[in-house]
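Chemist: Please build the complete structure, drawing on both the sequences and the hints.
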Amino acid sequence: AQSVTQLDSHVSVSEGTPVLLRCNYSSSYSPSLFWYVQHPNKGLQLLLKYTSAATLVKGINGFEAEFKKSETSFHLTKPSAHMSDAAEYFCVVSESNTGKLIFGQGTTLQVKP
Amino acid sequence: EAGVVQSPRYKIIEKKQPVAFWCNPISGHNTLYWYLQNLGQGPELLIRYENEEAVDDSQLPKDRFSAERLKGVDSTLKIQPAELGDSAVYLCASSPRTGGPYTGELFFGEGSRLTVL
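Chains as they are written, first to last, in this note's numbering: chain A, 1 to 113; chain B, 1001 to 1117.
There may be inaccurate statements among the hints.
[Stated by the list, open to error] Ranges of calculated distance between the beta carbons of each label pair, as one might list FRET restraints:
no.	chain 1	residue 1	chain 2	residue 2	range
1	A	T55	B	T1115	39 to 47 angstroms
2	A	S84	B	E1083	34 to 42 angstroms
3	B	E1050	A	S70	35 to 43 angstroms
[To be verified] With the C-beta cut set under 7 angstroms, the calculated list includes, among others, these residues of chain B facing chain A:
no.	residue
4	G1042
5	P1043
6	E1105
7	G1109
Think of the hints as simulated: they come from the structure by calculation, not from any bench.
Where a beta carbon is used, it is the ideal one built from N, C-alpha and C, also for glycine.
Modeler: Encoded structure:
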């Protein structure tokens, strides 16, 4: 069975500094992986996705993630945090045969001025 | 293009009362999902529809929860009777799955927050 583990429930950074949100996955085959973002009282929005093409995936708002099979990781990064990046971030794995999305527990990103 | 629309946004009821949530997906999206999101947790799938057919309802507590998607467009999720533990956000999402490789991109509504007193 597929699963994802987000290693930090809460991450706090200063505006202008790098962001790192960590995610490890478990899958018996090459997975499809995603990062979704949820701003307060808003719907979840897809940030980026990995589907076995390039291992470095670029998403919206300057975010990117690198798929590392040897480490079973799919960490989300951004070179410079902005106040508007403060939100809840979810790492997600997809079951290829059903398309069912399995969400991690989420990481709350706080950005301090 | 309009996004996924859910109503009501907020609902407060007493336990044992019924409640219903409505979802209008993005036009042309034939796959519709209902997710449950408890506080501090990731969303969990309740039910998935392909057009009007429920193709995955294994996580739906069928003793008190029901859902329908008549005509393969709008959907309603009902809880009867509600319990204290049902307090959560109920998310609706849709996707334009066409039968090819699944892209995994879902478009979510803003959710319906239920508080059961």
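Chemist: All hints, please: hold or fail.
Modeler: Results of checking the hints against the structure:
In this structure the supplied range 39 to 47 angstroms holds for T55(A) paired with T1115(B), their Cβ-Cβ distance being about 43 angstroms. At roughly 38 angstroms, the beta-carbon separation of S84(A) and E1083(B) lies within the given 34 to 42 angstroms, and the hint holds. Checked against the given bound of 35 to 43 angstroms, the beta carbons of E1050(B) and S70(A), roughly 36 angstroms apart, stay inside it. With 7 angstroms as the threshold, the beta carbon of G1042(B) comes within range of chain A, its nearest partner Cβ sitting at about 3 angstroms, so the hint holds.
A distance limit of 7 angstroms between C-beta atoms decides the matter here; for P1043(B) the minimum to chain A is near 5 angstroms, and the interface restraint holds. Nearest Cβ of chain A to the Cβ of E1105(B): about 5 angstroms, under the 7 angstroms cut. The hint holds. Checking G1109(B) against chain A by beta carbon gives a least distance of about 5 angstroms; that is within 7 angstroms, so the hint holds.
Checked against the numbered hints above, the structure violates none of them.
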